[in-house]
Each structure stands twice: as structure tokens, then as C-alpha cells.
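**Student:** Below are the chains, spelled out letter by letter.
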Amino acid sequence: MFTPDRSKYPEIVDGKAVIDLDSGKYLKLWQGPQHPGVTGNMSLELIVCGDEVVDCKTHVGYLHRGFEKLMERRKFIQNFPIVCRICVPEPDTNEYLYAAAVEEVAGIKIPEQAKWLRTLNMEMSRLTSYLMWIGGHAGAFGLGPIGQWAVTHRDYMLDLFEEWTGGRVYHMYMIPGGVRNILPDGFDRRLEDTLQKIEKLMSEIEKVMLNNAVFKMRAVGLGIITKDMIDRYGVVGPIARAAGMKRDVRKNSPYLMYEHLDFDIITGTKSDAYERLLVRFREMFQSIDLIRQIMKYIDNSKNIHTKLPNVLHWKIPAGETYVKAESTRGEYGYFVVTDGSELPRRVYVRGPSYSHAVALLEDLIINVNIADVAGLMTSLHTYPPEIER
Amino acid sequence: MTKETKHNPSILENNGLPEFERDYFCDARPEQSRPLAKYIEKFLNWARANSLWLLGFGTGCGAVELRPLMTARYDMYRYGIAPRPTPRQSSVFIIGGYASVKTTKRIIRSYEQMQQPKFVIALGSCPINGGMYWDSYNTINRIDHYIPVDVYIAGCMPRPESIIAGFDLLKKLIKEGQAEGANKYIENLDWYKANQKKIIKDWNMPDYNW
Amino acid sequence: MSLKDILSPFYVWKRAFEKPYTTANPLTDRPGAPRYRGFHDNDMEKCIGCGTCADICQNAAIDMVPVEGIQTSKEDSGLRPKIDYGRCCWCALCVDICTTNSLNMTREYTWVDTDPDKFRILAGAQENFWTGKETGYKLGEGYKLLDHDRITMPMVDPKEGIKSFIELVKGYSKEQAIKEADRCVQCGLCIATCPAHMDIPNYIKAIREDNIPEAVRILYETNPMSATCGRICTHRCEEVCSIGVNGDPIAIRWLKRYIIDQVDRKEIAKILRNEFKPNGKKVAVIGAGPAGLSAAYYLTTVGYSVTIFETNEKAGGMVRYGIPEYRMPYEQLDKDIDAILDMGVELKTGVEIGVTESFDDIYKNYDAVFLSVGLQDSYSLSITGEHLPGVIPGIQLLDDVTKGQIPDLGKKVIVIGGGNTAMDAARTARRLAANVTILYRRREEDMPADQEEIEEAKREGVKFITRAIPVHIDLGENKKIILHWNKAEMLDQGPGKRPKPVLIVGEAYTEAVDTVISAIGQSPIYKLLPEEIGSQIKFKREKVITDKYGQTSLPKIFAGGDIVNDIADAISAIADGHRAAQGIDLYLSKQVKVK
Amino acid sequence: MADILRTALYLFISVFVILNYGLLLNGLVRKIVARAHGRVGPPIWQPWLDILKTYAKRSAISHGVMFFLGPIFRLAGGLGTYLFIPAIYGSVMFANLSFSGDLLLVMYFIFFGQLGMALGAGEGGHPNSAIAVGRGLSQMTSFELPFALSVIALAIQYHSLSITEIVAAQQGGILNWTIFTNPLATFAGLFALLGMNMHSPFDIVLAPQEVPIGPPTEMQSSFLGILQTNRAIFLSAKLVLFMNLYLGGATNIFAMMLKTFMLYMLSVVVGVSFPRFRTEQSIRFFLGVPTLLGLAAVIIFML
Amino acid sequence: MKEIIQRLKQQFTISNVNQQRVDLTFLSVKKEQAVSLISYLRDFEKFSHLVFLTAVDRVEDIQFQLTYMLHNYNTHQDLGIRVLIDREKAEMASIHHLWKQAGTYQRELKEMFGIDFPGSPRVDESFILEGWDNIPPMRRDFDTKKYSEETYFPRPGRESHDPESYMKSKLYPEGDA
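Chains as they are written, first to last, in this note's numbering: chain A, 1 to 389; chain B, 1 to 210; chain C, 1 to 595; chain D, 1 to 303; chain E, 1 to 177.
Take the hints with a grain of salt, since some may be wrong.
[What the hints assert, rightly or not] Keeping only pairs whose Cα atoms sit at most 30 Å apart, straight-line, the calculated DSSO-like set for lysine-lysine is: (1) A:K109 - C:K118; (2) C:K548 - E:K168; (3) A:K207 - C:K4; (4) C:K46 - A:K75; (5) A:K315 - E:K145; (6) B:K201 - E:K30; (7) C:K74 - C:K46; (8) E:K168 - C:K538; (9) C:K14 - D:K31; (10) C:K118 - E:K170; (11) B:K42 - D:K31; (12) C:K179 - A:K75; (13) B:K172 - D:K31; (14) E:K146 - B:K198; (15) C:K118 - B:K184; (16) B:K175 - C:K118; (17) D:K31 - C:K4; (18) C:K118 - B:K197; (19) C:K548 - A:K75; (20) B:K184 - A:K57; (21) C:K548 - E:K170; (22) B:K172 - C:K74; (23) E:K145 - B:K197; (24) A:K216 - C:K14; (25) C:K540 - E:K168.
If you're looking for bench data, these hints aren't it; they were derived computationally from the structure. Since we're looking at a predicted model, the values are computed, not measured.
Generate coordinates for the entire structure from the input sequences, incorporating the hints supplied.
**Tutor:** What follows is the structure in C-alpha cells.
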């Protein structure tokens, strides 16, 4: 069982650390709401002693839009364009999960080709999200060029999304019943070009970031998450994998067409920030490989959409389900309850970084140098918009 | 000014406070500033237009398109635009889409911390008329009710190109001396404050406040 | 840490000697992708203003507003979508659901402005910087939100059908009806076209929700003869159906029929429950056709005591005596009529005004009189030989068949005319085992009959000869009748006018047949009206002139149905009856209680 | 009187030139760094625009006297550093106020600005400033050590505390430069320069990610303008000093520009390649190899 | 899964077992037994991962339905545990001692639904909202559209016509039935 070392506290009263801010020994430092280390806005109320954090409270809610409430008063089809906004840097997982949940409660089977296209979309989205993340992660330690390069390559991916779906950031592609369009002509060639560019970039990143003495000094040993913490804090995704857990929804409970694809769960052992970077780095290569595998199955002549009932007054019988998928940050899930009306009764979005961002971070950050807070946060890969919804 | 006083309603009655403490509640009255003589001002405006430091406070989804803008593909630095992490030094505030009430409070605070002349660009549908969160209980519908806005950029999200076009328009306005949002804010301060106070019920800022 | 870790990062400088990633001029170098979802563009000509785009928009971003230069007509609401870019999220659901495919998106994506109130655009109508720019997002391939295919109506096989007078259309099952109703987008364009302005979207909605009582109530609000209209209505509503622009229109008529098929007479009475107390005023209705029945029904619902006078043995008018049973089974008509009679309407049949009952008596004894006698006379062919024994009017044939007096038509029959009566007569003749040919003076596309009637007639083996003008009729050997006709060509009469058929000299034909049926139209007979009353009522080309409430120039007399309106179909007659009921209510009670 | 006036005029010209040169260096380096990022980069005149813009702000807020004095001290430090360094060997105009003991004075001035800044930033009251000042001061003391050792080694080597004399001793060929005559002291000094220039990996003080912008968090308008002015002057002053100490000084303005540019590029090349150290890591770093080098240099010349 | 349910049935009163998918089952349990059931599942049945905890407002029954979703990483089974609690006096035993992140979920539920979890850390502090003085927003009786229109002033100047009534006004105005 992990308990943060709070030995630096002045006194423990009734098992609780008491920090007297007036003693002059401590300083209260607010990080955020906007902080370059986080994608989105959240703030940390840090108590620091010298350069080290002795206490932390997270404050979220800067991006709360009340999605779950809004979804309760929108028709099933009307929710389809809005769900992608829940998580800005990785919208497609939301689209897929919403569509999948609705299809499941409504009893709709979608064509196989639509599943392939969705899988392709999900993997491209994973790669896109990781590219953005790796840039941010490098930036959090002050390694500027990686951010510049990686975000540019993310943009190349967005170009592909744009010509495929018509949207750059928000694709609104995986509509319940299937997908909205086939791949444009020549897409496979341009995709391959971009993948090769990204592979080149990855080799550069490896040289500049992964094999960087200073970077290693900063990241190795930062924010170690032990195995027993994983379940205790509900940690999922690459963070759990970096601790040696073979946990990947794609493999454990295969959805879409993942069972037809050849890949392994990538795990690490040391479970520090550097190990998590390595796991994610290898998963980017894995994504590239998966995209290539998927492209072999894409056939534009096949049916991509199951005809829905008239979406303007589509009623779904009462039921409830939970569907999940592996996002870049781990298990992303939608819990949908319907009551037979035209509107969903309840849609709960289970964001993977919810527990990382609050419960885990608050304990993990103790005794961390404030210079490393940003790096720790990016290493946990939290996206506040999805925590707050 | 600790968190415990947060829900104490009496602390919100700022009327009895001396002027220097009003700042804690964003209630201080800023001073109007006037442009200088015509040609000097024109020259300075030219400099201002070509050195836009934007506050690195992406208030909503819009921030996601600021990253490409800042990085190699679009490279906003070549247009004289650079991000700045503190409001004190920034001259452009980008409202990145929707603003929740909690963020609006920080937006107002940050805006007031910026030094004049200051400019505001609003990205996307949400600050114009609520966007897709038009019926949400936690996002405002029109940012121009709370702070003056110089340029609006349509889109959801606007592409980085659109944002560059927005900056071009802002530059044009500055050079023409039309971007006087800060003075507009001061002139109509009571109206803005009334609007702000209508939605933000908890005016306490974090423990330090400048 | 190794030396490699110290040296390797300097690799970063390699990039400095490569071409920068930067786009030189982003504003011009990177147009939106061919499928880009930019600002909307709407084809003003194609758009019909159905408002479906506004319905699906989850952001309430679309307003339907009138546009200068676009007239409201029956197939176009005259409204156009105005998009608020302070709301839009570019999801393009509006494009996907657009019934006419008029709404698309351009590839333009840059719009900056200082005025937040400007971000509202009447896509396609207002001149913008993106007007005329390339189209970006369109409805994707292999994916559709709207269902364009009508649920096929189960029909009796034509070969079986012509053997008897059984009803051809079998009617939808519940699943089929709900599925068909589900296709409706509830735009409401059809309401204006329906002469009775029936609340079509809502009764379709009631079907979808499987709420038959509600559906029946909605039907009876504007039409008390739904079993009838559900079968033989000319369904012009379906012609303006927005789904029909790119697909099959909603089967509005069949859905109406489905509703009324689900309930029997008792249930209808239970649903309708007349709650008004008698107000002591009496109204006479002359003619128990759709108009008369309709007027009687609505008057009864607000407390008038109504008596219908009918010459024939049974009520129903032209619906019973002018439409063959395979289209309009008598028990269904009876169901409608019985439901009305259940409301407390008194029906006197076998009354011939001027013979068994005097018009003056009625005029004196009742507070108001509604005249709906219909068109009983057929137009004559105005050619020599039209009075020969083998030449009969179409309505005569239909009337006889209804009354069970099956005439002997012989083996070969020619029907002259192209309207629904001609089709009915021809198909009735088929059922009487004759070989039937239809002779029509214009082209097939000019025929006033319903398209499906024509098609069904063809399927049943009726032959068509078009552009054929009968010239005269002779009597031939063996009681044969010889019809002389001439081929015609169509002469263009200029824009907006119907082309005129003109004889082609030298192309004359003859045909020896057993019977010639003329079905080129009907005209009214007003002989029941006494001279002094008839002279006070104003007519125009044989039709009674009324105000919008059906009131004639004689205040106490109201009129409706085929003797008033030019369309002369059942639904118009029903609408006339409804309006007249309101008029009579207004006239007698000084207020309109009739809904 | 005329002497004083002439000196004043020369000083003015000298400062003006060095200010613009500092800004030019700044612009140039931004462009170069941008290339490594794969970007085009801002126009080369961007620093001038930025500084003009900052001075042209219409409003400014002060948190007190020290807040106001902070930037002034900083500028005084920058100017002080520069004014006692002979920028171009043999040029009257760019001889500045150099005198026999100027090396000591310059070393004092290099750190004077920092301290002044610390006071001003402290009164700004923003915790980020306070934290960054703490980091800055501790990091400063740590790179001061190798630098001081290096300077001591030089003083011993050249038997002089006058920069002009040290430069003079290096004339007459490239091999007379300290970098070749005393490589140990030079490398110790150059490591210290890396720290002084506030580029990665030693820029934790100003790091926007870790502590938004550091000490100048609260500085705005003309306060920031003064800081920017100082940054240009101070940067070139440091480079000129290092050039004089290790690269044999300059006999004309072009040589000066070339050598200082090369020196600055050292920081840039390292800075782009590495992320930043935490404070204690950089302290540990400076107290390691650079200090040892400095010590070795001193010891070698003591012997 | 069946065996687990069988075992559970021996110790707890569970009802409404519904196997939604091969790997997803829902069941209902009484409020009093919920926490011990969850602890049992965590400790003895290897449902070691709390996927989420959320509520559904069953306003028509005056009840909240809490759903605890647990996951077993060995069998890859999801198990949703439904607990109905009273809506008027919404209170539930906290499970923050079982999983750390449960405290966060419970804070959210307290704020969004007004369900109290006595003893849960920081449960009374505001979490996402700031200065909220209305009924908890996720409750069904809170009308977000009305609140938004009253509070945030939608931009004026918009008007829309319904095609149906507009056509009526143009083509067959009043009295023309």
C-alpha cells in the first residue's frame, strides 16, 4: 500500500498533517488554471517548502460544460456531434463509444467495413493524440524542438482526417449505424507518406529526447507508481502498462476489429516518467503498424452504414450498457441508460484520466520538486476537459 | 483571504472596502488612458500591431488550435505574435471558445491584470452566441457581455489559418487606432461589472491575488 | 548516463539545415480539403423550406426565415435556413438530413469580424465572400439519414384482381405502417396542399407512437371520412411531400387508411364522444355526398340537429356511386357514414327534392340549408352518334354496377377520356370481362387521372391510345358500334398554357366495338332549386359562387362540394363541408365553435 | 570639460551600439533557434518592435518602491558591467571606462543586477517571482564559483586585473588566446557562461513551464522595457567580457561581432539540444566539472 | 459469471440480474448490503478495479440509482452494481477506503446530484462548480435551458418561423380552415 512520505510535515495532529502557512516555512503556490504542462485547464493548489511540494489540492471545473446534462435533453442523433467535444485532443474515442453504446442498446449491427473504418480512425486518432502528448511532455521539461516537430506532424495527421471526414479537429465521423463516408481516392498513399514522415520524426525524437542525458536525469525516477497503487487508484492505460500490468482493452475485451489485428500489449517495468514515455513511444510505433495492417482490409465498395430509423424521432427501448475502449490514456467508457424515449436517460462518461488527475496526482506529487510538477502531470497524461465534461 | 471564508456571503459585499482592496474582487476602477498625438500614436500603434504578445491562457477547446499555431507548421512568431505566460506582459487575450463561469472569473481577472492597450480575440461559435453549449448551465453565451472583444473568429474550431486571419484583422484595427477595447471597458465599467456580478457569485480569488 | 546521451541530443541541429515545416502563406496555400465542412451554401431554387435542417440542429443554430424573391407556394414554404454561426458546430447533420440536397457546405472556413451580430447568414441568399465558391462537404457515399424508399403496399395480383371487385390494396400491417410513418420528417408542407388542411404530421406521429385513438381524433378534426379518403383520396399532399423530392413521398393516404382500419365503428364513437348539447337549431343538408356528410358531422359536434336528404337509397354520393368497389369497398364507406350517423345526424334517403319533398318546405323549416348535390350529369361528347344505345356515360356504368344492375358491355369496349372516372370505368369494364381500350385526346402525361390509376389500369390489361380525338360514331353490323377517331398532334400554346391537340389530316381510324363509354367530365343539375331561389344564387360557369365559408348570395343557403370547387374530388368536398359548417355556425350562432 | 563631454559622447555611442547589437544578436538567435525547430522564425527586427511596444504601454502598475527600483538596479548592473569593459581593443570610442582594476568591478557588476532584481521581484509579491529569485540566486552562486576560479586563474596567468591588459597579452596570433594558453580556465569560464546566458539547461529561472516567466512575472510596461533594454546590453557585455578574457578580444567591431556571436552560439547550440536542469541539478553540475576545471587551472598557474 | 452470482446469492440479497453482454452484467442490491458486497467482490472475487461510480436520477420513483461498476482483470468481466437510494434524503455509505478515486467520484456526486457520502474526503468542498446556489444541476428537475436563458442572455435578434404555420398565414389565413 502506497502512502506518500509526509515526513516533512511539521506536525501530525490526529493523523493529519497541519501546515501553518504563517510560519513562513511554507509557501502556497497556485499552478494553473492554465498551465503549459496540461492540455486544458486545471489548477493545483500547492504548498511548497523550498522547492518541494508538501501538499497538493487539485481544482478542476474550469472546463465544465455540463455535457451529461446537455445530453439528457438532446436526441440520440443530436448527441453524436457534441460528444467529440468532451475530450478535445482525442475526440474520436468519444464518437466511437457513444455510437457503440447507442447501437448496443438499440440493437443495431453495423457493417464490417464500418468497423474497419472506425478502427482505422481510432488508431489514427491514437497516433495523433500521442504526437501532441509527446510534444507537451518534452515541453514540460524544456525541450522545445520536440514540441514543434511533433505538433507539426500531428497536423499532418489532421490533414488526413480533414480530407477523410471534412473536419480537422472534430471529425464527427462515427455516426450511430456506421460511418459517414468512405476513404477518398489516393488516401492510402498519402497516409503512407505521412506515416513515413512520422517514423522519421520518431527516430529523431529517439535521438534527441529519449537518449538525452539531461532529460533522463529529470524523468528517470520521477513519479514512480508501484503495482499495488494501480488498482488502489484505478489507474489504467499506459501508466498501468508501464508498471508491468498487461492491461489493454483492445486485447482484454476486444472491440471493433482488434481481434483480427496482430499486436501485443506493450509493458514496462520501472514505472517512472521515463518508462511511461518509453511505453507510449513504443505504442506509437504499434499504432503505425496497426494502421498499416488495417489499411489492407479497407474496401471502399463495401457497405459502411446501417440504415437507422428516422433520426428525428428515434426512440430506443429502455436499457443500460457500459462500453469501453482503449484511448491513449487507458480505459475510456460510456455508461448509457435509456428509458424508451427519444432522449437518453443518462450518459455517464468515464474518462480515464479522472483518477490520475485528482486522487493519484495529489498523492504522487508529494515531495516532488516543483520544477517537475509539470513533467509529472504530462507524464500522467491528464486531459481536464474529459474529467470535467 | 483563506478558503474557509469562501461561502461567507458578507465577504462579497465589497462596497465598504477601501479602493486598494477592491482589486481583490476585481472591483477597482481602472484609469482611462488616452492616445498620444496623432503621428506618434500612429507609430506606436504600428509597433503594437507587430508585436502581439498573447496570454497563454487557453480558456477552452480553442487552445487546441493554438498549439499548431505556435509550432512549426504555422509559426505565428513570424507575424510578431508570441505567447506570454503572464497577463501583466501580454497584450492579446484569446478567448478559446466556451467559457465556463469558473473560467470567466479568471478571464475577467486576467483581463484586468493586462496593461493597456489590450486586445481580445474570441475564437469560435461559443463566445458569439453560446455555440453548442447554448443551453448549458455553466457556460456563458456572449463574452462581449463581460469583457470587450475586438475580433471574432467563426468556426468550431477555427482552423489556425482563420486565427491568423483574425490576427491580421486585429493588426489592421490597431494600426487604424480602432482597437480601444480597454477604454471601452473603463467607460462602461458599471455595465460590465453588473453583468459579471450577475453570473459570478463567488468573487474570492485564490489566496494571492495580483 | 553515457557519452552517447550527451552527444545524441545535438542531432536536433540537423533540422536547422533542412527545409522548415512552415507553410509559406497559410491564408492562400492551404484551401479546405475537398470534403471540408466550411460555411453553408444553400441552393435557393432547390430548397423547399421544409425546415428539417432546423429540426435536427442540436444547437438551435438554424432559423427559418422568409426571403425576398421566394414566394410561398404549395410545394415551398418560402422560408430559408438562416444559420447562426454563433451556434453552429459544423457537424453537417443539416446537410445529411436535407430533404432536397440543396444544403451543402463550401470549403471556405475563414470568417473574422468585429461585430458579433454579423455571424448570421442566409446561406445561399446573401452575397458572401464564399458565394459561388467550390462545394466542400456533401452527403457521403454509402450513407443516408433519410429513408427514401416507401414501404411497398401489398396488393392483390392484377390477374386475380380483374376477376372480381375485391379491394386491390391490402393495407399496411402495424409494423409496416410504423415503419412508413417513421420516414416522415414532420415538416408540415403537406398541410397547405390538402384541401382540408389535415394535420398530417401529427397523425403520422400518432401512428409512430402507436396511439391510434389520438390519430383518429386528429383525423376527425378536419376529415370525418377517413376510411374513404384513406382509399380514394387524390392525395395531392404526397406530391409536395419533402421526402418525395429525392425519394418516394410518404404514403400519407395509406397511413390514414391504416389508422381507420384499426378501429371499428364502436371505437370511433367512443373516441369522438359528442359532448355538445343540442342548441335547438336545425340545418338541412341536401345531398349525402362527402361534402354533405362532412358538414353534417361538424355541425352535429357543436349541437346542431342536422337532417340529410339524399335521393339515392344509400348515402355516400359519388364515392359510393361513382367509384368502383375494388377501390372503395362499400363496408368501409358505410363505416365512415355510420360513424357520422352515430353522432346523431338524421339521414333521409330516397328523397328527391322537388318530387317527394319540396325545396321550399326545407328552406322554411330549417335554419340553414347546405347544398351539396354534386355533379350528376356527364358531359356529352358533342359528336354525332353519341346517343346511340351502345354509348353510355362512365358514371352511369359505375352507378349501375354499384346498384347491382350489371350491364352487358360486350367483348370490346372503348373508354373515352383520361380522368379517374375513365380509369374506373375502364377497369370496371375489365372486371366485366371486356377488352378495354382508353382513348384520350392528349398525351399520357396530360391525363388528369392519378398516375397509379393509369399504371394499375395498364397492369390489368387496359390498352391506351393517346392523342386520339373521336370524330363520330356509327352503328355497324351485329349491333356493333363503329367509332371514328383521328390522330392528333400537340400544338404548343406558349408558356404556362396547356398544349392543344390538333387533328392530323389523313390519320383517321375506325374501330368496331360493342360499347363506347364516355368519361370526359361531369356537370351539375340544378333543377331541384325553385326558380325564385335559383335566381338569387349566383353562378359562374355552372358552379355556385360562395364566400370562403361556403355561403351563397342567399345567406341561408350554403353550398359545397363538386358544385362549388373546381377540383371536384372527395377531399375538397369534405373540406367544403367543414368550412360550410363553420360558416353556418357563424351565421346562426355568431361564433365559430366548429374546430 | 571637453574630455568629459567627449567621453560622455563616446560612452553614449558605445552603449547605443551595444544595445542595438544586443538586440540584433537576439533577433538573429531567435531566427536560428527557429530553424532548429523547423520554423521560419520572427523577423530579425522583432526585438526592437517588442521593446518599443513595451515602452509604449499606456498603463503600468507598481507594487512599491523596490518594485520600481528592481529594473533600475538591473539596468545599472548591465550598464555597469558593460561600461567597465573595453569593447574593442585599441578603439578610443569603445574603450569605455576601463581601468587597471576593472575586472573586479565587472565581476561585481555582473551579479549586482541580479540582486537588485531579486529585491524588485520580491516586492512584486508573486510567489512565482519569489521562487524563481530563490532559484536564480542559488544557481548564480553556483556558476559564480567556476567563473571566479577561472578569472583568478587568468589574473594569475596574466598578472593583471585589467581587462585591457589581459586582451593586450593575447594579441599577436591566435595561439596567444587564453583558450589555447589556458584551456582549463577557459572551459570553466565557458561553462559559467552557459549558466549566465540563461539558456537550457540552465534556464529553470525563467522557465515558462515550470515557473511562468520567473522573476519578471509582475514586471510590465516600462519596467519590462527597462529589463529588455538591460537584457540586450547585459548579454553583449557578458559576451564581450568573455571574448576579452578567452578569445583574445577584438581589434575592430567586426571581429567583436563575430567572436561574441560564436560565444553566444555556444549557449544556443547547447540550449536547444537539452531540456533544463532542476535548480539543484544545475548547482550540482556547476560544482562538479566546471569547478574542478577552474580549480585545476588555478592550481596549475599557482604552481 | 454465473458461479459468482450464485456465490453472491448465498450471502446477499441480489435481484434484477441482467447479463447485458458476455462480459458485462448488472445486478441490484439493497443499500444496506452494497458496501459489504463491493468489499466482498474486491477482496474475494478479484473485482479489483473500480471503473466508475455514478448516479441516475429516477425522479419518477423519487429515487437515485447509484451504479458501481467493477472490473475483474483476470476474467475481464465488468459488473455493474445498482443501488437504489432515497432521493429526498440522499445519503450513501462512502467507499473511499476501498479505492482512492472513489472519493473524487463521491465529491462529484455530492455536487452534481446532492447525494451525501458522510466521511468521504473533501466531500463538502465545491468540486467543479464555484458559487453554485441552485439545485444540483444533474438532477432531473433542474432545467438547464431555462437557467441558461435566464442567466446568460442569448444574443437577441433571432426569429424563426415554423414552415407549417408560416404557410398557413400565407396560403390559407385565418378562417380559411
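**Student:** Holds or violated: are the alpha carbons of C:K46 and A:K75 at most 30 Å from each other?
**Tutor:** holds, 28 Å
**Student:** Would the hint linking E:K168 and C:K538 be met if the CA-CA limit is 30 Å?
**Tutor:** It holds: about 29 Å lies between the C-alpha atoms, which stays within 30 Å.
**Student:** Between A:K315 and E:K145, does the CA-CA distance stay at or below 30 Å?
**Tutor:** holds, 22 Å
**Student:** Take the C-alpha atoms of C:K179 and A:K75, compute the straight-line distance between them, and say whether it is at most 30 Å.
**Tutor:** holds, 19 Å
**Student:** If you draw a straight line from the CA of B:K42 to the CA of D:K31, is it 30 Å or shorter?
**Tutor:** Roughly 28 Å separates the two Cα atoms, so the pair holds.
**Student:** Between C:K118 and B:K197, does the CA-CA distance stay at or below 30 Å?
**Tutor:** Measuring from Cα to Cα gives roughly 27 Å; hence the hint holds.
**Student:** Are the Cα atoms of B:K172 and C:K74 separated by 30 Å or less?
**Tutor:** Judged against 30 Å, a Cα distance of about 49 Å means the pair is violated.
**Student:** Quick one, are A:K216 and C:K14 close enough, alpha carbons at most 30 Å?
**Tutor:** The given pair, whose Cα atoms are some 21 Å apart, holds under the 30 Å limit.
**Student:** Given the proposed pairing of B:K175 with C:K118, does the C-alpha separation stay at or below 30 Å?
**Tutor:** holds, 23 Å
**Student:** Is the hinted pair E:K145 and B:K197 satisfied, with a Cα-Cα distance of at most 30 Å?
**Tutor:** Answer holds: E:K145 to B:K197 is near 20 Å, not above 30 Å.
**Student:** Tell me if the straight-line CA distance from B:K172 to D:K31 falls inside 30 Å.
**Tutor:** Holds, at roughly 25 Å.
**Student:** Given the hinted pair C:K540 and E:K168, is their Cα-Cα distance within 30 Å?
**Tutor:** Given pair C:K540, E:K168 holds - Cα atoms ~27 Å apart, limit 30 Å.
Comparing the model with each earlier hint shows violations of hints 1, 6, 19, 20, 22; every other hint is respected.
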